[in-house]
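**Student:** What follows is the residue order along each chain.
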Amino acid sequence: MNRAKLRKRKRMTIVLSALIMFGIALSLVLFAFEDNIVFFYGPSDIAAKKVTAGQNFRLGGLVTDGSVKKASDNVTVLFNVGDGVEDVQVSYKGILPDLFREGQGIVAQGKLNDDGIFVASEVLAKHDENYMPPEVVEAMKRAGTWQEEGEIGHDN
Amino acid sequence: MTPELGHYALILALFVAFFQSTIPMWGAARNNIYAMNFAGHAAMAQFLCLLVAFASLTQAFVTSDFSVANVVANSHSLQPVLYKVSAVWGNHEGSLLLWVVILAGFGALVHFFGGNLPPNLKSRTLAVQAMIAVGFLLFLLLTSNPFARLDPAPFEGRSLNPLLQDPGLAFHPPMLYIGYVGLSIAYSFAVAALIEGKVDAAWARWVRPWTLLAWSFLTAGIMLGSWWAYYELGWGGFWYWDPVENASFMPWLVATALLHSAIVVEKRDTLKTWTILLAIIAFSLSLIGTFLVRSGILTSVHAFANDPERGVFILLLLVVAIGGSLTLYAWRAPQLKGGGLFRPISREGGLILNNLLLTSACATVFLGTLYPLFVEVLGGDRVSVGAPYFNATFVPLIIPLLLALVVGPKLAWKRGDIWAAMAGLRLAFFITVIISLGVGILIWQKSAVAIIGLSIALLMMLNSVGDIYTRAGFRKSGFIKGLKRLIRLPRAFWGMTLAHLGVAFLVAGATGATLLTYEKIVALKPGQVTQLSYFNIRFDGANDVTGPNYTALRGHYSAISNDGEIIAKFTPERRRYVGGGQETTEAGIKSTFWDDIYVVIGDRGEDGSYVARLYHKPLAPWLWWGSFLMVSGGFISLSDRSLRVGAPKRIGDNAVIKNKIRNA
Amino acid sequence: MRSLRLYAILPLVLFIGLTAYFLAGLWGAQNKGNRFIPSAMVNKPVPDFNLPSFNQNFPALATADLKGKTQIVNFFASWCVPCLAEHPLITKLSKRDDVEINGIAYSDTGKNIAKWLNKHGNPYDRVGVDAGRRIGIDWGVTGVPETYIINKGGVIIYKHGGPLRIDVINDEIIPLLEEQAE
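Residue numbers (the working numbering), protein chains in the order written: chain A, 1 to 156; chain B, 157 to 820; chain C, 821 to 1002.
These are computed hints drawn from the structure, not numbers from a lab.
Heads up, a few of these hints could be off.
Unchecked claim - Below 27 angstroms or equal to it, Euclidean Cα-Cα: the simulated BS3-like pairs (lysine-lysine) are: (1) B:K423 <-> A:K10; (2) A:K93 <-> B:K676; (3) B:K632 <-> B:K566; (4) B:K725 <-> A:K93; (5) A:K93 <-> B:K746; (6) B:K681 <-> A:K70; (7) B:K423 <-> A:K5.
With the rest of the complex left out, here is chain A:
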């Protein structure tokens, strides 16, 4: 075979292997996406039965005042997360992030157990007391309870 043909053959081989490689990578990606995309829901979404027990997802909302307490094992923390309309009970075994406080917006990742309690594997917070995760804002907008800054509650 002359050089040009050899060159063409070389190019074809490389291209073919590249396609196979990307094909493998793509199938890995699609396969991984199926099981590992984590959706975000607010308490109202849960009340509307959009989530099934055992499904890994992220929950966002405001920590309800007066709801934070320790379970009997002295380690697990129980608290409620709400969006102004509905509440979900959350249980978390671990050390809460430093700026976790009643009335604060938080995002937690975990699953609903059969009793409807959200068992959190992670509780996420950013390090700024004014932080309200945008996901929480949108969940509250969906539930109709979001107030913009400046919309001061008139004479409630």
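Please build the complex by placing chains B and C on the supplied structure of chain A, with the hints as guidance.
**Tutor:** Leaving out everything else, chains B and C in the frame of chain A:
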């Protein structure tokens, strides 16, 4: 007074950069030696201006000049000096200033060390470098001025985010930026080569050392960030697959591929169009990373300033820099002449496999990082993509890569013998199987998958040792002569071997730290003991302490072996800082060569007990040893003279051009 | 070589697609509106509390006092340097007719507060001493100084974390006070 000087220097740099980007480019097209030489001098001038600007901002921080808004937002008079300095780059505006300083610094280095670069290539490269500078300087001056003033000046600053007040994190950004920005040189070289229409072995020789320099710093920067997250944040992990982390990892993957493909261009004068594309993509990923982190488009636990308006400006920069270079590529790449031929089973083939696996891995990380954005834009729900996705896609691609790393270098160029190559591994393979069986029996209940990671790491280590043994010729010439030859082996060889060995340690460390960890969350009263893996942890009490700019709750813990011996003592803290009032966690860690014991203290319960998080992480320190070896390997390679002495200049280049001018 | 031309164009095409997504994403981020979300306590009524003063002669502070007129509550401490820095601004605010200035001394003792106020001047109408930091927790205080504005109905309508600055006072606080006075 000095902030004004700094501001002025910044504007001056912009003008210099503008001329640096135009005059030499024209000069290269017209073969005008004076215009071309202008590039080098302009590069030095630009660097000097930016040094002045940077020094002026640093001075404002160190003297706590609260008339500068940036100082107010990020510093405090009680802040330790180290953190007053690191606060200079611990914010959006200051870090961008650091970016352009480093960009100009690299340009100056090219001028300084690039004496034997052909003038056309050098001038075009520096011109492209200056174009990037113009873009970023405009961004700084128009949207993110670090020298903005406040009148009247406040008495005190808000203080630097205490999370950033840590030695590891003080140095993480500069290292990272030298890495990110260093890749701009490869990019500039690539664009210059496309304009010139020529890529040859000489070009590859110029590009390799710069890429190696950037890669080494990038590795160090990523490692520092990861190390910091592990030691400071106290969540027990070292890599979260957070978008900001991925933004630094993607250029790293492509830069690694580039390092390897440039070898093929240099040795065999082939894979040129692919290597040019990699050089463009590597820096493009740096730019995209900058965009993702600063535009507010992705939520992340550590995103910078969230400002969509700034995002539009950066996007414009991206379109010009990446779109422009890719257009140039689409137009000129097909004209580059093809090079040497080789069979699929050969060292070239091995390196191509390396490249394909690395770029596929980068592509999967890219998809995972941007998927939430895609879904959102298409009107879907908010989703997040976490570690499980990345582990499921990245790990299966890395395993064949590691195996290729072991076999590949043993193949000959052009046409390799795979059986001979694998035969060379026989002993290492045999030992690995035996040890893996032994280790497997110990750990299969904890994690069977870990055995794969550990076996591969072991094979790689044995292979490295074997390589050294063979190259030094111990078998042939005996111990003494072998030692002598060992010391005189080329640094490029040592660099490669150490770096690959580092990868092996990293793999082992990652396997241990993720799959073999023991974790326990308990509430302990003073005096109480609890078991953790094969030893015990006792809580000795907690008390309040005060630091220079914080107050803290400090816990005291002891690790006690089953025989009653005290293995270690820990003092984890939860600190609250003045000024901003933020709280941080300091973990108590005991590191040995083989493992880490890690204690984090939590809240006080009503019964006087304190929550604590306890970890035992076997092999975790190998993450850092491995990274350190990789970085060292990179620098050792860099010090090899053959890498820096490029192809000899064609005699009479300058003379020919001067003659043309004289006779014109 | 047509085939190579095709591959050479592919990266550019992919990049154009990516840019389109980025643009769309930015546009979405703009419309997401403000990220400067008010503190969790804003629009909530003042928490229940009753704090002692720093000595017998000066008025103490309790929830009942924070009604009827626009109030400012300023969390401060004698050990706090930024509090000293903003002190002149607090003093300036205290001269206004449309608001009463109250202080809560956070994690401090009456004795130290008395000394501090003696030395630097006392701009407050009332002072409560929150030695145990419990009241601070109820207000969501994470550090000092912090300044809150409460409307006549006893609802928190504004919070500023960190020391006050003249631009914050002119651009945010004074307009709010004037608005409340109407």
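**Student:** Next, verify each hint and record whether it holds.
**Tutor:** Against the structure, the hints come out as follows:
1. B:K423 <-> A:K10: Judged against 27 angstroms, a Cα distance of about 18 angstroms means the pair holds.
2. A:K93 <-> B:K676: Within the cut-off at roughly 10 angstroms; holds.
3. B:K632 <-> B:K566: holds (19 angstroms)
4. B:K725 <-> A:K93: holds (25 angstroms)
5. A:K93 <-> B:K746: Judged against 27 angstroms, a Cα distance of about 24 angstroms means the pair holds.
6. B:K681 <-> A:K70: holds (16 angstroms)
7. B:K423 <-> A:K5: holds (23 angstroms)
This entry satisfies every hint, going by the numbered hints stated previously.
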